[in-house]
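Read top to bottom, the protein sequences are chains P and L. When you line the first sequence up against my numbering, it's residues 1 to 414, in that order. When you line the second sequence up against my numbering, it's residues 1001 to 1414, in that order.
Just so you know, these hints were derived from the structure itself, not from any lab. Treat the hints loosely; a few may be bogus.
[As the list claims (entries may be wrong)] For lysine to any residue, the following SDA-like pairs were computed, each having C-alpha atoms within a straight-line distance of at most 20 Å:
hint	chain 1	residue 1	chain 2	residue 2
1	L	Lys-1047	P	Lys-314
2	P	Lys-9	L	Ser-1101
3	P	Lys-139	L	Lys-1009
4	L	Lys-1098	P	Pro-76
5	P	Lys-34	L	Pro-1076
6	P	Lys-12	L	Ser-1125
7	P	Lys-147	L	Leu-1099
8	P	Lys-34	L	Arg-1082
9	L	Lys-1096	P	Val-39
10	P	Lys-335	P	Gly-364
11	L	Lys-1047	P	Lys-12
12	L	Lys-1009	P	Gly-364
13	L	Lys-1096	P	Ser-101
14	P	Lys-257	P	Ala-193
15	P	Lys-96	L	Leu-1099
16	P	Lys-98	L	Val-1091
17	P	Lys-34	L	Asp-1358
18	P	Lys-12	P	Lys-257
19	P	Lys-90	L	Ser-1101
20	P	Lys-98	L	Arg-1082
21	L	Lys-1034	P	Glu-253
22	L	Lys-1009	P	Leu-129
23	L	Lys-1314	L	Pro-1376
24	P	Lys-90	L	Val-1100
25	L	Lys-1147	P	Pro-76
26	P	Lys-127	L	Glu-1104
27	L	Lys-1009	P	Asp-282
28	P	Lys-9	L	Lys-1009
Number of protein chains: 2
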Amino acid sequence: MRLSQNFTKTRKEAPADEQARNAQLLIRAGFVHKEMAGVYAFLPLGKRVLDNIAQIVREEMNAIGGEEVQMTVLQPRELFERTDRWDDAKVDNWFKTKLVSGAELGMGLTHEEPIVDAVGEFINSYKDLPIMVYQIQNKFRNELRAKSGLLRGREFVMKDMYSFARSQEEHAEIYEKVALAYARVYDRLGVGAETYRTYADGGIFTEKFSDEFQTLSPIGEDIIYVHEGKKVAVNKEVYTDENLAKLGLNKSELVEKRGVEVGNIFPLESKYTDALDVTYTDEDGNEQSIIMGCYGIGVSRLVGLLAEHFADDKGLVWPENIAPAKVYLVQIGQKSKEAADALYDELTGKGIEVIYDDRDERPGAKFADSELMGIPYRVTVSDRLLSDEKFELTLRSTGVTELLTHEALLAKLG
Amino acid sequence: MRLSQNFTKTRKEAPADEQARNAQLLIRAGFVHKEMAGVYAFLPLGKRVLDNIAQIVREEMNAIGGEEVQMTVLQPRELFERTDRWDDAKVDNWFKTKLVSGAELGMGLTHEEPIVDAVGEFINSYKDLPIMVYQIQNKFRNELRAKSGLLRGREFVMKDMYSFARSQEEHAEIYEKVALAYARVYDRLGVGAETYRTYADGGIFTEKFSDEFQTLSPIGEDIIYVHEGKKVAVNKEVYTDENLAKLGLNKSELVEKRGVEVGNIFPLESKYTDALDVTYTDEDGNEQSIIMGCYGIGVSRLVGLLAEHFADDKGLVWPENIAPAKVYLVQIGQKSKEAADALYDELTGKGIEVIYDDRDERPGAKFADSELMGIPYRVTVSDRLLSDEKFELTLRSTGVTELLTHEALLAKLG
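Okay, chain P solo, but in the shape it has when bound:
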């Protein structure tokens, strides 16, 4: 991408009404546009980060047998009445709308009911199970306040998976398989070491815990108690002596930390399948309940978390696999234009994503923008460097700079 042809620009100041550092940085770098509190549009560079994170999540869900679907935002009232989640007194953060006829509809709050309804049409016998189905799509929550930037949105992008199992044993197997896939996702996103599987409240219809994935962060909204040796944690909401005994954890070994919830997995038992009359017939011809799990990852929340997590005083610092480009190419001077053009063509020809700063700007402004945008490798081509047949390579994460020959540069970026 030639920066002269990209419509976004960086800015010195974030809008005054934006309090969250993740959104301030993303807006200043031109990655997102604030539509209203808790509602952000993704501009070209932000869209690339969002897609890169979504693709990592997709690959890990596919690898364990997840089948991707795309459910709808508009949801029929009737399905949610059958599970007693329609009434605003029961669920207080619905966005609702109306057909011309006056009939009320829900707006993509969550998808258990529509998924059970859709998948249930294909379930008759034990041979049709287990099933794991997921989507990556916008969700809507009518939050009273939304002040955490992309960490808590009124409209946000989520990966939600749902599993359907024949028994508690089969459910438990799937549940652990997904937990391992989640750990791989956080590893690939560069926050594996700081992300703890965390025991949390399982909700009113199960005696089990649910599991949250909490990334340690000073901006976290949750208080968790971390066992560093066992790499597990306990959410404050279930941090009781009784629960710790159940979990075999000793209070003296736990440390209080703040965490950002980057994923959750939930045992749903047969609450939704039973309520919507979706059952299966076992080998003996008997009707049986289907045990469900649901598994969420906040994809746009991760854009916000990772933006803030890796940032430094100069701006964003993206890991290579989610960065909007691998290389930020800075061209300085008059004579080196041709060499920079050639390098841009050469790198993009090799399939390397390059942001080419071909603008008529001061070198300092180009360097500052490369830092604010957080592109992993900065390559500088200038008249002076060219006369020595050298290119300058600077790592965004460490600031380390090297002067390299053309051959050595390509070997590094290959």
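Place chain L on chain P using the hints.
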């Protein structure tokens, strides 16, 4: 994909309440799920078709310099009040919703206003233009009736692009560039020959025509008058002697046809940019209006149109580049299981998408499903064929069958 692990199944009958053939076929083949009238969820096979079409559209928009963004479904009322499109008396197919605070919001009817607002933040001088920005996202229209399956949805997937130009000349250049890109999209989707650029009403704020892309089809809702030699058409709404004279078309050479609108491109003049105070400063320091165009392609509508367009009495018939898989592998008998497994691994190892019918079903049922799903190449591996060291290859589009050696089969599918 092993069919034994895919949760969807085909069915003999479509639901009684579904009148449109495109939706009947897509539901019977397990590609979509009807959420309510005009609202369809995409199941795994349908999601692949949707994504394949979206990717073709994306590639052609990127090729002409389009930058992809992702706007939001929730839209602020204030922006639409400034362009006088908020009032239901002015725009009668809004879905609206409310924040907890009571403030009304719109739901992704169209995105001119939010796009102008977002892009406008980056436009100051003539150097910042032209800009072409697009998204592929859900749109919402509160249609009174929705009986055409995926052809007219209340919620549907659309590619919408917006261009911002410094002058009428620059606008005209972009407009024609997009029209050519649209023609390439329809060519790649296999309906290039039947799709006509069609003069239509430009709306109340321009004297120009708009352009629709109409695919000839007996199920079309639009009446158009086609000039086959010039490969253009005129929509009935502007089919007057005066307009034909302007267009240099002779009534005697035009033939009345039915068309499905698969795209439209619209001159917006400076209606939205002026109303939202987005202007630019020219070389001489004078403030100037920005000339906009908007360019839509109904991506989910195309799923419906192409489903119905290519279908025959046995079911769907997908062109290879949008099919959910290239090969449908039928395994028959006991001895040939190993050979079929090996072929499946070999083909998928080469990056070929295969639906492997490894189910314990009658051959007739497997053949019927391969036809209903419309997968381009059917490969049969049976005990009998195996003893002759042959594979059977059948083309879905023609029904032509060949017996091939392993080597010849791979050469055909490579």
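Against the structure, the hints come out as follows:
Under the criterion of a C-alpha separation no larger than 20 Å, the hint pairing L:Lys-1047 with P:Lys-314 is inconsistent with the structure, at around 41 Å. As the CA atoms of P:Lys-9 and L:Ser-1101 are separated by approximately 33 Å, the hinted pair breaks the 20 Å bound. Using a Cα cut-off of 20 Å, the hinted pair P:Lys-139 and L:Lys-1009 is violated, with the two alpha carbons roughly 28 Å apart. The hinted pair formed by L:Lys-1098 and P:Pro-76 meets the criterion: a straight-line CA distance of about 18 Å does not exceed 20 Å.
Annotation: proposed proximity of P:Lys-34 to L:Pro-1076 holds, straight-line Cα distance about 11 Å (limit 20 Å). Distance restraint check for P:Lys-12 and L:Ser-1125: the Cα-Cα separation of roughly 18 Å lies within the 20 Å cut-off, and the hinted pair is therefore satisfied. At most 20 Å may separate the alpha-carbon atoms for a hinted pair to count; P:Lys-147 and L:Leu-1099 meet this at roughly 15 Å. A C-alpha spacing of about 18 Å is found between P:Lys-34 and L:Arg-1082, which places the hinted pair at or below 20 Å, so the restraint holds.
Restraint check: the Cα-Cα separation between L:Lys-1096 and P:Val-39 comes to about 16 Å, which is no more than 20 Å; the hinted pair holds. For the suggested pair P:Lys-335 and P:Gly-364, the alpha carbons sit about 19 Å apart, so the restraint of at most 20 Å is met. Between L:Lys-1047 and P:Lys-12 the alpha-carbon distance is near 41 Å, which puts this suggested pair outside the 20 Å criterion. Under the criterion of a C-alpha separation no larger than 20 Å, the hint pairing L:Lys-1009 with P:Gly-364 is inconsistent with the structure, at around 60 Å.
Under the criterion of a C-alpha separation no larger than 20 Å, the hint pairing L:Lys-1096 with P:Ser-101 is consistent with the structure, at around 14 Å. Between P:Lys-257 and P:Ala-193 the CA atoms are separated by roughly 14 Å; this keeps the pair inside 20 Å, and the hint holds. A threshold of 20 Å between alpha carbons decides the hint, and for P:Lys-96 with L:Leu-1099 the separation of about 10 Å falls inside it, so the pair holds. Distance check on the hinted pair: P:Lys-98 and L:Val-1091 sit about 15 Å apart at the alpha-carbon level, within 20 Å; holds.
For the hint linking P:Lys-34 to L:Asp-1358, the alpha-carbon distance of about 49 Å lies beyond 20 Å, and the restraint is violated. The hinted pair formed by P:Lys-12 and P:Lys-257 fails the criterion: a straight-line CA distance of about 33 Å is larger than 20 Å. Taking the CA atoms of P:Lys-90 and L:Ser-1101, the gap is about 18 Å. The hint holds against a cut of 20 Å. With a CA separation close to 24 Å, the supplied pair P:Lys-98 and L:Arg-1082 exceeds the 20 Å bound.
Restraint check for L:Lys-1034 and P:Glu-253: not satisfied, since their Cα atoms lie roughly 52 Å apart, outside the 20 Å limit. Between L:Lys-1009 and P:Leu-129, the direct Cα distance comes to roughly 13 Å. Compliance with the 20 Å bound is thereby established for this hinted pair. For the suggested pair L:Lys-1314 and L:Pro-1376, the alpha carbons sit about 13 Å apart, so the restraint of at most 20 Å is met. Among the hinted pairs, P:Lys-90 with L:Val-1100 is consistent with the structure: their alpha-carbon atoms are about 15 Å apart, no more than 20 Å.
With a CA separation close to 17 Å, the supplied pair L:Lys-1147 and P:Pro-76 stays within the 20 Å bound. The hinted pair formed by P:Lys-127 and L:Glu-1104 fails the criterion: a straight-line CA distance of about 48 Å is larger than 20 Å. As the CA atoms of L:Lys-1009 and P:Asp-282 are separated by approximately 19 Å, the hinted pair is consistent with the 20 Å bound. A distance of roughly 49 Å separates the Cα atoms of P:Lys-9 and L:Lys-1009; the hinted pair therefore is violated under the 20 Å criterion.
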